[in-house]
Amino acid sequence: MTDTMDIAEYLSKGGRLTNPANVPTRYRAELMKIMATFVDSELAGAAGFANVINAGPGIKERIAAARIVLEKTDNADKVLKLMGEFGANTDRYANHHPWSDRLPRDTAPGTPRSAHDMRLSVLNYPLDGWVDAVVMNMLMGLAVGVQLTEFLTSSYQPFATAIREIAPREQRHTELAVEGLQKLIKQGQTDTIAQSIAYWWPRVSESFGAGVSPRSEALRAMGLRRRTNADLRDAWDDAAGAALADLGLERPAP
Amino acid sequence: MARFHQLSVTDVRKTIRDAVVVTLQPLNGGDFDFTQGQYLTFRQEFDGTEVRRSYSICAGKDDGVLQVGIKKVDGGAFSTWANETLAAGMTMEAMEPMGSFHTPITPDAGKTYLGFAGGSGITPVLSILKTVLMREPHSSFTLVYANRGVNTIMFREELEDLKNLYMGRLTVIHVLESDAQDIDLFTGRVDTAKCKALFEHWIDIESVDTAFICGPEPMMLGIAAALRDHGLTDAQIKFELFASAQPGRLKRKASTATEGAAAKSTEATITMDGSARSFTMNKDQSILDAALENALDAPYACKAGVCSTCKCKVLEGEVEMIANHALEDYEVAQGYVLSCQSYPLTDRVVVDYDQ
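These protein sequence lines are chains A and B, in that order. Under my numbering, read the first sequence as residues 1 to 254, first letter to last. Under my numbering, read the second sequence as residues 1001 to 1355, first letter to last.
Treat the hints loosely; a few may be bogus.
Taking lysine to any residue and the SDA-like style, the derived pairs with C-alpha atoms no more than 25 Å apart in a straight line are [unchecked claim]:
hint : chain 1 : residue 1 : chain 2 : residue 2
1    : A       : K78       : B       : D1031
2    : A       : K33       : B       : L1296
3    : A       : K13       : B       : K1196
4    : A       : K33       : B       : Q1355
5    : A       : K81       : B       : E1328
6    : A       : K81       : A       : P24
7    : A       : K33       : B       : D1289
8    : A       : K81       : A       : R26
9    : A       : K13       : B       : Q1236
10   : A       : K33       : A       : T90
11   : A       : K13       : B       : Q1355
12   : B       : K1111     : B       : L1232
13   : A       : K81       : B       : T1103
14   : B       : K1061     : B       : T1023
15   : A       : K78       : B       : P1104
16   : A       : K81       : B       : Q1006
Covered by chain B, per the in silico footprint, the following chain A stretches (three or more residues, Cβ under 8 Å) [stated by the list, open to error]:
hint : stretch
17   : 11-21
18   : 89-102
These are computed hints drawn from the structure, not numbers from a lab. The beta carbon of each residue, even a glycine, is placed where N, CA and C say it ideally should be.
Isolated chain B (complex conformation) (with noise of 0.2 Å):
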């Protein structure tokens, strides 16, 4: 089961005004060695909510560090915290590397690779693209790297210092939506349309093995089609769907006083793919167990509290969890309970499968 680890802050750096780039070092173990393109997710309390966010590793393999870049988002507490507080010296604490937004490395193999990142996207691409021209010297990687303007443009000299490095091995194409560029095919989104553009000069699409796709879902989408109509399949097409579209977390309803009622059926009302129902239920049946008896699709899979499947929170009211093997203190605190093995403790409870 994934665990939370502590790492050591060793620096803060950034690479443009409201980004930066986070050294770690593992303090207590857990296994860090990454793959080229995955992600940590941080845990971090703020008021007392813990939040949990996670961040791509830009370092490729042969870095020798685990660097994650996180850049600021509007009113987002993790990122505003990283790029206001964060330094050197500081603790944080993180999972172990998820995420399968990579291929297999094979050294001999002379591969020709097609990267697309939007903004911030561009950590795990940064990370593929540095391991592939270090671990596959007979391997190309050509980067379309979409950004507002030129001083939005994340590890800018980086990628300047590696296209000198690995000359004739990596081609940056950077669009720019606002500032106009000598070539107008580079300004603007990067669109279905543009990348049809593209495809028809500047990248050889016929001879790309794998393309790996990093930025908002619109982007990502779009980036997608073209490709598929251009006969890229889907084993083909690698997306890394990136942290803005993390789902914020609600703060937690408070619960209402336990009653001293000694009924021993319970009014219940559950919310389920966004309408209620409400039904009477009996104190010794598992909120799963009614929810199912009442024609409710509900989600279980184990039954047993291992799997998570069951996952509800209760809005109203008390429930007695009698066994939790899966989720973890937070949640608990935040009022997410196992439906399969809640049993009502108030005579009215009202929870939701939703959230």
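Okay, chain A solo, but in the shape it has when bound (with noise of 0.2 Å):
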């Protein structure tokens, strides 16, 4: 039982690498970006929310930000582990950008993320108080929820391995965030989280990328994705929409 496969074959036919002495080159650099840009997210999204703490009405608010914080940065430590393995300087990665940096709030929709990291779109924009952080966290939570699906079957075993411990967290910090609107809606907050849902809605919805990226079909071959940005988008959308529903809030006008 010698006998071996290109590596190539091997993952177009549903394989796993799992470690970086048999990833082949152009496949690392492909890992290293989804990795990067993993990791980059989860710090400016833990960083944006440390802002909100203190804005929480009361105890139980501040704690569920307070836990957000510490798991998304958790988070991006597991990760950031994998891509230490790899020879990334894991010290040097978690302070090389303020990633508390975030653009003017009135920055249009889709504006190209800053050059210097990798974040996601959505990320650079900023938050506007509690209740704009809350519905942030649950139209973005939902859009994780969505991404994340796609890395739990990652070709790359160490990977989806991690992600198969992040996914709970993340799904529970979107629950916190709808349990925290429900009490927002109670107290007659209404107009203002409709505000926040214009707001964020465009932009949570750009960070899913152009619809077809020209390397979707590279990406799906390493097994590295399955689906296009714009399924993505769309089973967002859909989730997003149904979370609103079940809230009694609308979906923003197009």
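Assemble the dimeric complex from its two separately framed chains, guided by the hints.
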């Protein structure tokens, strides 16, 4: 049983790679980009949320926000550790960019990400108070949920394994946001919520990227992605629309 | 960041004609408290070239030792050296254990595990089965172990002993390619069809919680396909691709002499995804930015010299790497640079992202 097979063929047939030593160059590059985007987004997300902990209207809310900051940072650590196995300098990486940096609030949706980190574009926009943070957390949390289903089947097994631990925590963050919104609605904050939904909806939607990326096919062949950006965006659109309907809220007009 | 630590070799024992079990003792720190199924990455110089190889730990958590199994591969510098030269008293260098080929131990659980190993793919599977049988007293393990013939079965006696020790909880099915056995089913290759046949009468696939597979690529694909057909999810199937699939390292090409040129621009040739593109670039532009500007889909992430995503190899000419927080000395010695931090010094540079 010593016969081997071309790695590209192995991957196209659903094979899994298990350590940096047996990863081909191009695959390494694409995987590193995917992991860097994840790490940067978690670090930027946590940094943004850290600033709203004190805006929480009560102890419970502040605990929820602090927990989100803690767990998103830990999620970043899990994946950054895998990047370290490929040679990334993990200590420097964690500090190479000011993760709390944001663009001005009125920047148009879809503005390209800043040149020096790989965070999803939605994380370039600043939060505006507690209600806004809760709305963003729910809409973005649902987007993260959709993205993570892609990574659960990643052909790089250590990454898929890490995501398997991360996904339930991210889901809990979204649930915390839904609970937060229920409370805010009871307090009569529906108008403020609607304004935030109108602000964040197009920005979260844009974070899925171009409908069909020229690399989609290559990424699929490598087993690093399965669905196109457009498919993922549609899945999010459905999930977010349904979540708003459950709360008695309306999705913004296109 | 991953670092190498020194380990003393306390024992080298042959398991079969062309495979050894190496026992190691950390000398100067490093956390070598491994998880079952993990591997060690070693480095060793051969004729001035550093070679890195990963080998799975074959010891169980409760064996009290750190052991790896190394099977000799034809033409493999490291494995041949380990089999022919390595002896007790020598020192090796390895990084701390890595790998995710395991599931958490839950002492109260009564789980059903299924392991598939091809040849030397037994090493991590052996570590896992020893550990779960010891630490999960209610769990059981079935091992399907594929080999060419009886004399190439690594750890054959050890497995027999374990079967006796864990009577009724460990089942071992040897499938041999060339040696005939009493039961026809146990002769041949372990592929999708063989798995299906095994699942009919020999293995209760419905009860399996987790399957571990380690062996050559075609074997792993065949087994995974059969497991998925029988309802196992991706979360339940753990792969480990073993060392034979590691790409060899090319010798560094001789770099051409630097010419005393003062031109502001450089003729750059960049190879990516198998095709080469040439263009003129400015010397005060990084290789990465020049590639991106010329519509090449060059890989990058941090642009700060820390993540190593933009790594490429300089084949001709010279570049200056202004920061390097990710590549190790041996990689730089082989001509690798971080393209986001590299600026041309010569009037012509040739770099390759595919190596």
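To see whether the hints hold, each was checked on the structure:
1. A distance of roughly 18 Å separates the Cα atoms of A:K78 and B:D1031; the hinted pair therefore holds under the 25 Å criterion.
2. For the given pair, A:K33 sits about 16 Å from B:L1296 by alpha-carbon distance, which is consistent with the 25 Å threshold.
3. Pair hint A:K13 plus B:K1196 holds up; C-alpha atoms about 19 Å apart against a cutoff of 25 Å.
4. A C-alpha spacing of about 18 Å is found between A:K33 and B:Q1355, which places the hinted pair at or below 25 Å, so the restraint holds.
5. Taking the CA atoms of A:K81 and B:E1328, the gap is about 17 Å. The hint holds against a cut of 25 Å.
6. For the hint linking A:K81 to A:P24, the alpha-carbon distance of about 20 Å falls within 25 Å, and the restraint holds.
7. Taking the CA atoms of A:K33 and B:D1289, the gap is near 16 Å; set against the 25 Å cutoff, the hint holds.
8. Restraint check for A:K81 and A:R26: the C-alpha separation of about 20 Å stays at or below 25 Å, so the hint holds.
9. In summary, the hint linking A:K13 to B:Q1236 is supported, as the alpha carbons are separated by about 18 Å, within the 25 Å threshold.
10. Restraint check: the Cα-Cα separation between A:K33 and A:T90 comes to about 15 Å, which is no more than 25 Å; the hinted pair holds.
11. A distance of roughly 24 Å separates the Cα atoms of A:K13 and B:Q1355; the hinted pair therefore holds under the 25 Å criterion.
12. Between B:K1111 and B:L1232 the alpha-carbon distance is near 15 Å, which keeps this suggested pair within the 25 Å criterion.
13. For the hint linking A:K81 to B:T1103, the alpha-carbon distance of about 18 Å falls within 25 Å, and the restraint holds.
14. About 14 Å separates the Cα atoms of B:K1061 and B:T1023, which keeps this hinted pair within 25 Å; it holds.
15. About 16 Å separates the Cα atoms of A:K78 and B:P1104, which keeps this hinted pair within 25 Å; it holds.
16. Pair hint A:K81 plus B:Q1006 holds up; C-alpha atoms about 22 Å apart against a cutoff of 25 Å.
17. Counting residues of the stretch 11-21 of chain A whose beta carbon lies closer than 8 Å to any beta carbon of chain B gives 8, which meets the minimum of three for the stated coverage.
18. Under a criterion of three residues with beta carbons nearer than 8 Å to beta carbons of chain B, the stated coverage of the stretch 89-102 of chain A is upheld, 7 such residues being counted.
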